[in-house]
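Chemist: As they're listed, the protein sequences go chains W and D. So the first sequence is numbered by the numbering used here: it starts at 1 and just counts up by one. So the second sequence is numbered by the numbering used here: it starts at 1 and just counts up by one.
Hints were generated in silico from the structure; no laboratory data involved. A few of these clues could be false.
What the hints assert, rightly or not - Below are the DSSO-like pairs computed for lysine-lysine, each with C-alpha atoms no more than 27 Å apart in a straight line:
#1 K159/W / K81/D
#2 K144/D / K109/W
#3 K426/W / K144/D
#4 K74/D / K144/D
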Amino acid sequence: MNTQEPIYKTDALIAENIEQYLETHQHKTMLRFITCGSVDDGKSTLIGRLLYDSKMIFEDQLATLEADSKRSGTQGEEIDFALLVDGLAAEREQGITIDVAYRFFTTEKRKFIVADTPGHEQYTRNMVTGASTADLAVILIDARKGILTQTRRHSYLVKLLGIRHVVLAVNKMDLVDYSQEVFDKIVSDYTAFAAEIGIETFTPIPISGFKGDNITGPSENTPWYDGVSLLPHLEEVEVEDSREQASPFRMQVQWVNRPNLDFRGFAGLVSSGQVRPGDEVRVLPSGKTSTVARIVALEGDRDLAVAGESITLTLADEIDCSRGQVIVASQSPLEVADQFESTIVWMDEHELLPGRAYWMKIGTQTISATVAEPKYEVNVNTQEHLASKTLDLNAIGVANITTDREIPFAPYDENRDLGGFILIDKITNQTVAAGMLHFALRRAQNVHWQATDITRDNHAEMKNQKPAVLWLTGLSGSGKSTIANIVEKKLARMNRHTFLLDGDNVRHGLNKDLGFTEADRVENIRRVGEVAKLMTDAGLIVITAFISPFRSERDMVRSMMQPGEFVEVFVDTPLEVAESRDVKGLYAKARSGKLKNFTGIDSPYEHPESPELRIDTTEMTPEEAADLIIARLIP
Amino acid sequence: MDSKTLTHLQRLEAESIHIMREVVAEAENPVMLYSVGKDSAVMLHLAKKAFYPAPPPFPLLHVDTTWKFQDMYKLRDKAAKDAGMELLVYQNPEAVERGINPFDHGGLHTDMWKTEGLKQALDKYGFDAAFGGARRDEEKARAKERVFSFRSANHRWDPKNQRPELWRLYNARKAKGESVRVFPISNWTELDIWQYIHLEGIEIVPLYFSAPRPTVVRDGLILMVDDERFPLDGEEPVMRSVRFRTLGCYPLTGAVESEAKTLPDVIQEMLLTTTSERQGRAIDHDQAASMEKKKQEGYF
């Protein structure tokens with residue numbers, strides 16, 4: 001099988017001098033890498049081989065492996081290393097793996113963490129996840145096939161995630177008679193392609209994962225190759241310490257440590273740079289400055305902490321600083337903004353809804369953010385730009401993103417912690433996307449909120465009323481408009497200043513560019529919410545009558561208003577009743593297929609979970625409903 | 001500027017501490033599962049570092065089977081006291097009542113004491129986040145588990161519905177009733193654990209070190225007769241110089257014959273040994289995917 005003697009045998013040293021061995025191993029560094037390729041490229045075989053050659057496989061595992069190889073292996077009588085790294089039972093039986101698996105091995109010089117992301121439909125999502133923590137990527141190519149579409153895809157994602165070290169492993173050299181010509185051709189093809197997508201340097205190595213050529217040391221089968229072998233390269237490639245530490249100090253505050261009144265420590269992981277007691281620092285976004293007093297640790301105070309370490313520090317002055325804020329070197333502050341251009345990788349079955357508010361977690365801060373319609377989507381295989389109104393599962397696009405407050409950040413290329421983020425669905429709590437901030441949009445820096453002298457309180461006082469939004473939601477034909485109209489008339493008689501925003505009317509003007517897709521419905525409600533907000537600022541009582549079928553958008557509008565000002569009124573009419581009324585003939589059209597995306601028929605209505613008021617229209621008249629609503633508003 | 005090169009242990013330590021602080025910042029009622037083994041010892045030590053000078057702001061929970069080694073109970077109580085943490089011990093009352101034991105009840109023993117016991121304990125105290133000391137290198141199914149592993153309100157794990165974990169960002173949001181198991185030492189290997197114990201001088205149960213102990217051999221496993229509850233079938237316990245590579249219920253945990261009396265000796269033996277760590281646990285001997293099945297049912 002393997003013609004080479006493994007060079008990583010350390011049994012002798014372990015047996016003779018364990019203390020010395022431990023001493024050596026305590027100074028090992030760590031490298032995280034990702035292997036990119038499909039099962040056909042021999043990726044699992046390569047990883048299995050690395051584990052085997054670095055002696056991470058025990059006898060009992062080997063016995064299981066031999067038995068498994070005979071039962072379900074694809075390599076005949078030989079050991080099928082791929083079986084070593086396959087995982088969950090159901091997947092193993094189907095011969096597929098659909099997730100990221102992490103493998104570990106160690107040599108004299110380094111500990112390695114391998115992110116193994118097998119390729120299938122979920123490839124983009126999985127590979128982006130695995131690549132996000134990698135220092136190096138091994139891109140596998142089958143020597144018989146050369147550069148394929150998937151090679152382009154892998155390379156693009158490696159570049160996108162900012163992995164600085166790339167190895168081009170031309171695998172299965174044994175199946176092309178160790179031909180130098182084949183190898184050179186692939187390297188030359190890849191060089192041109194790499195330059196195109198911005199990968200500046202890479203290390204090509206001809207290997208056979210199956211036979212073990214050029215894995216631990218030079219193979220006699222490739223005398224024409226005088227470059228480095230795979231494992232020695234992984235051991236020698238420069239780790240990120242010096243680059244990270246050369247950048248200015250940044251630490252996102254994770255937790256404030258307050259065991260008693262005399263101690264206030266700020267705990268976090270140093271994202272870049274170094275810090276010492278006495279250093280001048282600034283807290284962002286507030287901009288307050290202070291000096292580092294101590295770096296506190298269990299084993300005693302420290303005089304230095306560097307990028308990559310989890311620390312606790314105290315400041316000389318009592319200044320406000322809490323989770324989510326960033327402590328930075330005072331002379332090198334971060335930019336603070338609330339609008340950005342970003343690249344977003346969509347990871348959820350349910351597509352991106354531009355305008356919907358998602359939670360955005362960036363570093364230790366979680367805020368509310370909305371994504372605009374993508375500027376373009378990137379075809380991950382060809383890197384072409386495509387027009388797109390949304391992003392589906394595994395789609396990658398460039399879009400502007402707006403946060404609900406200003407946040408300190410750095411471009412992703414400079415700092416993964418301060419520029420990488422995830423988006424979380426507010427209802428399902430699923431992680432729906434990963435993204436990378438590129439730069440702040442000018443608008444955020446230049447458009448400031450104009451403080452006006454006549455405040456919203458003045459407006460309200462002049463009208464002698466408390467502003468509010470009466471938000472009627474329910475199916476088409478439930479009676480929202482009828483009830484809203486009666487409410488407004490009654491309030492007018494009570495000398496209240498009101499305004500009725502009706503769904504149909506708004507679509508004739510403000511929202512006439514919007515259709516009825518899910519994304520357009522989200523935007524429709526967002527705009528209505530903004531208008532309602534301005535009107536409450538003007539002191540008005542706003543009555544709205546919109547189907548507003550999605551919980552997220554209703555919650556978004558609620559969050560835009562002052563506490564207590566948003567009154568959600570669920571006009572509850574069973575679908576059969578609404579359909580039997582069919583005042584506008586819309587249900588008939590929807591049932592016959594002439595009208596698409598109709599709520600209740602082929603588009604969902606999400607019931608309010610805890611509305612301020614629920615109106616059962618099968619049990620009361622519109623008049624009674626209106627009285628109930630007014631009673632809630634003016635007790 | 002001179003840069004300081006971080007070792008693999010420093011990187012691992014920083015990552016684990018980061019994970020623990022994230023949980024404390026985002027969970028409402030976290031707890032640390034403490035099994036008294038070497039992995040628990042490392043996890044507890046990391047927690048002390050993460051929150052120093054405060055004691056770790058959560059209690060320790062030991063889901064007890066009443067069948068652990070006596071030495072484990074001793075260290076358990078001492079370790080909690082030294083850390084200044086509250087220690088909660090939970091025993092499944094139904095298992096107590098029915099006298100469930102590993103000799104008469106086979107698989108039911110693990111199921112009732114550990115799997116059911118854990119669920120009951122988490123429900124009783126309303127913990128929404130529980131730290132566990134599982135490592136990804138222990139077993140193939142674990143290699144794919146996330147650091148934050150979400151459980152439904154009835155504690156089931158769905159391998160197809162786990163959240164992607166990117167960079168150092170963990171999404172800890174969950175609905176009411178749901179909980180999360182968090183594995184801060186996911187990326188440590190057995191060797192890392194031993195090296196760290198050595199480097200930091202962490203106290204571990206003496207059973208990890210070789211000593212003459214009363215033993216019998218059953219089904220190829222060397223078992224220690226730790227107390228008078230061990231039913232001897234006319235067997236005479238033999239004093240053997242043994243130690244344990246992994247610790248659990250004493251009637252289910254196989255010892256290895258060894259002369260390793262110090263930490264370097266133990267590490268040396270571990271490195272030269274040719275069988276993997278979980279070999280000594282009876283629980284894994286069923287079938288290839290046994291761990292995955294247990295996990296879906298709620299076993300840690």
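Chemist: Does K144/D lie within 27 Å of K426/W when you go C-alpha to C-alpha?
Modeler: 26 Å, holds
Chemist: Run the distance test for K74/D versus K144/D: straight-line Cα separation, threshold 27 Å.
Modeler: Distance of about 34 Å is beyond 27 Å: violated.
Chemist: Against the 27 Å threshold, does the CA-CA distance of K144/D and K109/W hold or violate the hint?
Modeler: Holds - the C-alpha atoms of K109/W and K144/D are around 26 Å apart, at most 27 Å.
Chemist: Keeping to a limit of 27 Å between CA atoms, is the pair of K159/W and K81/D held or broken?
Modeler: 50 Å, violated
When held up to the earlier numbered hints, the structure conflicts with 1 and 4 and fits the remainder.
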